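Number of protein chains: 2
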Amino acid sequence: MSNEELMRVAIEAAVENVKNGGGPFGAVIAKKGEIVSVGVNRVTANNDPTAHAEVSAIRAACAELGTFDLSGCEIFTSCEPCPMCLGAIYWAHLDKIYYGCSKKDAADAGFDDSMIYDELALPMEGRMKPVEKLLSDEAMSSFDAWREAEDRVEY
Amino acid sequence: MSNEELMRVAIEAAVENVKNGGGPFGAVIAKKGEIVSVGVNRVTANNDPTAHAEVSAIRAACAELGTFDLSGCEIFTSCEPCPMCLGAIYWAHLDKIYYGCSKKDAADAGFDDSMIYDELALPMEGRMKPVEKLLSDEAMSSFDAWREAEDRVEY
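Listed in order, the protein sequences are those of chains A and B.
Each residue of the first sequence is one higher than the last, beginning at 1 in our numbering.
Each residue of the second sequence is one higher than the last, beginning at 1 in our numbering.
There could be a bad hint or two in this list.
Coverage of chain B stretches by chain A, computed from C-beta distances (three or more under 8 Å per stretch; other residues unrestricted) [to be verified]:
(1) 29-40
(2) 58-68
Some chain B residues near chain A, calculated using beta-carbon distances under 10 Å [said to hold, decoys possible]:
(3) Met1
(4) Glu12
(5) Asn17
(6) Lys19
(7) Thr44
(8) Pro83
(9) Ala88
(10) His93
(11) Tyr98
(12) Glu125
(13) Lys133
(14) Leu135
(15) Met140
(16) Phe143
(17) Arg152
(18) Val153
No wet-lab data here; the hints were simulated from the structure.
Keep in mind that this is a model prediction, so the values were computed, not measured.
A virtual CB, placed ideally from N, CA and C, is assigned to each residue, including glycine.
When you get a sec, could you build the whole thing from the sequences and use the hints?
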């Protein structure tokens with residue numbers, strides 16, 4: 001399928017999802033022009049604030065391909081990804097992002113993630129969300145255990 | 001439970017998770033000092049790059065409480081959240097973040113998310129990850145459908 005055809009599948013999934021009680025977002029993950037997965041926004045429908053279209057598509061593609069590394073795949077999303085979804089796209093090692101609507105279009109429709117973008121760009125102590133460091137010495141035992149684990153799978 | 005006790009549960013979950021083939025990260029979500037959920041990093045174990053401890057804990061807490069809004073809850077995480085998890089924390093409306101290890105401790109152990117933080121702070125055209133706008137006019141049909149939906153659940 002062409003890039004335009006793949007994007008149209010993402011857009012149609014977004015429109016269809018609204019009819020099914022979901023949010024107006026859809027995403028397709030493709031490998032060499034073939035669809036691997038389709039994801040839609042099920043935040044309110046599934047009570048899962050992480051169930052954005054891109055995250056849903058990534059989880060489905062990884063399940064389909066049996067891997068946590070989607071190198072060689074691309075994502076087609078009906079709207080520019082939020083910081084959470086961008087983070088997920090980087091962790092999943094997707095090669096390229098195609099998007100339809102912009103952040104501004106999303107904000108106009110009531111989905112404004114500019115506050116999150118602004119917060120992430122600030123140093124921790126300047127953010128609106130309260131953050132506190134706690135038991136940092138004891139917490140190092142997690143990484144000590146990791147370094148000692150002989151069967152660890154790096155990623 | 002005290003904040004220190006809640007953080008110790010997150011740290012112990014991280015250590016235990018390494019023994020179970022997972023990554024060295026644990027998180028607890030608590031409401032008024034009572035544990036709602038515990039999450040651990042199952043990225044490689046479950047083939048899910050989004051299965052960081054904080055995302056896992058958020059999903060579990062929302063399932064437990066039957067809501068997509070965790071206002072009134074706090075998260076205790078063994079390590080400073082990555083951009084994906086921070087995004088998820090904002091979307092879930094958690095009140096406060098307590099963390100143990102720092103981003104630098106994580107990087108020293110081989111989990112470096114500084115590239116993702118750097119990328120998110122850049123304008124899209126300056127990022128390493130290729131991004132392309134495609135069919136933006138057609139994509140607006142998703143938000144048109146949303147505006148026309150009478151039963152939409154805003155969030």
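Which earlier hints can't be squared with this structure?
Of the numbered hints given earlier, those the structure breaks are 1, 3, 12, listed in rising order.
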